[in-house]
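*Asks:* Per the UniProt record's numbering, the sequence shown runs over residues 1 to 356.
Hint data in this document are derived by calculation from the structure and do not stem from the laboratory. Among the clues, some could well be false.
To be verified - Okay, derived cross-link-like pairs now, DSS-like style, lysine-lysine, Cα gap no bigger than 27 Å in a straight line:
1. K341 <-> K242
2. K203 <-> K215
3. K203 <-> K285
4. K200 <-> K215
5. K239 <-> K341
6. K163 <-> K215
7. K215 <-> K341
Since this is a predicted model, take the numbers as computed values, not measurements.
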Amino acid sequence: MGNSDENGVSASRSANGTNCADVSENGCPKGGRRSSCSDIPARGVAKSSSRRRSLIARLTDEETSPGRLMRNASQRSSLGSRSSSTGGSRWIRIGRRLSDWSGSRTNSSDDRTPISSYWTRVAAVREGEGKPKISCWEATKISACLRWRSWIRTCRTAVAYPKILAIAVVTFMSICVVGLSVVFIFASNYEQSLRIDAIKTSKVMEQRIPAELGKAMLPLFTMEEIVHQIDTFYDLPFKTEKAPLFTTSSGRVFRNVTGICDDTNYIAPYDEIAASVKASAEMPKILVNVQLAPFGVVCLLHPLINTEDFDDGIMMNNTGARGLELLNDPINGYYAREAIKNDRVTIQGPLILVQG
1 MGNSDENGVS ASRSANGTNC ADVSENGCPK GGRRSSCSDI PARGVAKSSS RRRSLIARLT
61 DEETSPGRLM RNASQRSSLG SRSSSTGGSR WIRIGRRLSD WSGSRTNSSD DRTPISSYWT
121 RVAAVREGEG KPKISCWEAT KISACLRWRS WIRTCRTAVA YPKILAIAVV TFMSICVVGL
181 SVVFIFASNY EQSLRIDAIK TSKVMEQRIP AELGKAMLPL FTMEEIVHQI DTFYDLPFKT
241 EKAPLFTTSS GRVFRNVTGI CDDTNYIAPY DEIAASVKAS AEMPKILVNV QLAPFGVVCL
301 LHPLINTEDF DDGIMMNNTG ARGLELLNDP INGYYAREAI KNDRVTIQGP LILVQG
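Whole structure, please, built from the sequences with the hints as guidance.
*Replies:* Quick look at the structure:
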């Protein structure tokens with residue numbers, strides 16, 4: 001339906017429900033903001049009510065701004081659907097608050113953010129519009145200013161809408177609490193697994209170490225019994241005890257056993273016995289040297305130079321250890337004296353071996 005006054009002004013409702021007003025003779029809408037309009041014959045005016053005539057008069061008023069026309073039209077179009085748009089308007093208000101928080105709403109007519117407007121201006125200057133180019137320093141100041149304004153706008157929004165700030169703080173704290181809880185749980189489980197692995201390893205080593213030590217002790221006890229039973233080595237302790245002492249520049253104490261410990265009458269039988277004991281022990285690369293030290297003086301060694309228990313051409317030369325006084329040695333003296341005093345085997349190591 002439509003109405004027309006005496007001045008030739010007509011108003012109608014378009015197919016999509018938008019109110020339109022013709023304010024000129026050629027049918028162009030006032031302000032250029034109406035999507036479609038139609039001319040209504042003058043005969044339809046007589047049938048309209050007084051309310052519609054007053055509406056037409058308001059639409060044709062020259063002092064009415066286009067923005068006001070749009071608001072009035074929006075208000076009139078929403079009168080019939082107020083009950084159905086209550087829920088929608090709530091979501092619209094929430095959307096506007098979110099846009100205020102993010103700083104995407106601006107007062108400009110083209111709905112651009114300050115940063116996008118700034119880059120638009122920079123692009124226009126680069127294209128050449130008769131303006132001087134913006135220097136790097138000016139661009140930095142403009143960017144900093146825009147950032148500062150955006151931060152101020154965000155703070156104002158947070159103050160104006162404290163619920164948003166409260167929700168953000170609660171959400172952040174919840175995420176932190178959940179994240180820390182997950183980290184602590186995983187850390188506790190990992191620590192517990194490490195403890196279990198350490199206990200298992202200690203139990204395995206507790207069983208293996210005594211077995212390995214028992215295998216290492218067997219050659220020692222064997223050599224002890226053989227030396228006691230053979231008369232060849234009976235006078236060897238007395239000879240080494242009377243050998244003169246001397247101290248090296250490094251502080252190690254030796255006895256001059258030249259002519260005693262290098263005597264073939266001692267070396268030949270000892271090498272035969274020690275080689276048999278070493279082979280019977282079945283400890284390759286573990287039992288690398290068998291020594292005889294009467295009264296704590298290292299005298300007989302087998303093998304004197306060991307190459308069979310080492311790879312890549314490495315050898316163990318024990319010639320420098322011959323004559324070492326273990327009882328008075330600053331490194332090995334305490335353990336040697338304790339072993340003799342308590343008549344028990346003493347385990348010592350790791351040691352820096354004295355070699356030739």
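*Asks:* Work down the list of hints and note, for each, if the structure agrees.
*Replies:* Status of the hints after comparison with the structure:
Taking the CA atoms of K341 and K242, the gap is about 21 Å. The hint holds against a cut of 27 Å. Taking the CA atoms of K203 and K215, the gap is near 19 Å; set against the 27 Å cutoff, the hint holds. Between K203 and K285, the direct Cα distance comes to roughly 25 Å. Compliance with the 27 Å bound is thereby established for this hinted pair. Distance check on the hinted pair: K200 and K215 sit about 23 Å apart at the alpha-carbon level, within 27 Å; holds.
Note on K239 and K341: the hinted pairing holds, with a Cα-Cα distance of about 22 Å set against a maximum of 27 Å. Between K163 and K215 the CA atoms are separated by roughly 77 Å; this puts the pair beyond 27 Å, and the hint is violated. Distance restraint check for K215 and K341: the Cα-Cα separation of roughly 24 Å lies within the 27 Å cut-off, and the hinted pair is therefore satisfied.
Of the numbered hints listed earlier, the single one contradicted by the structure is hint 6.
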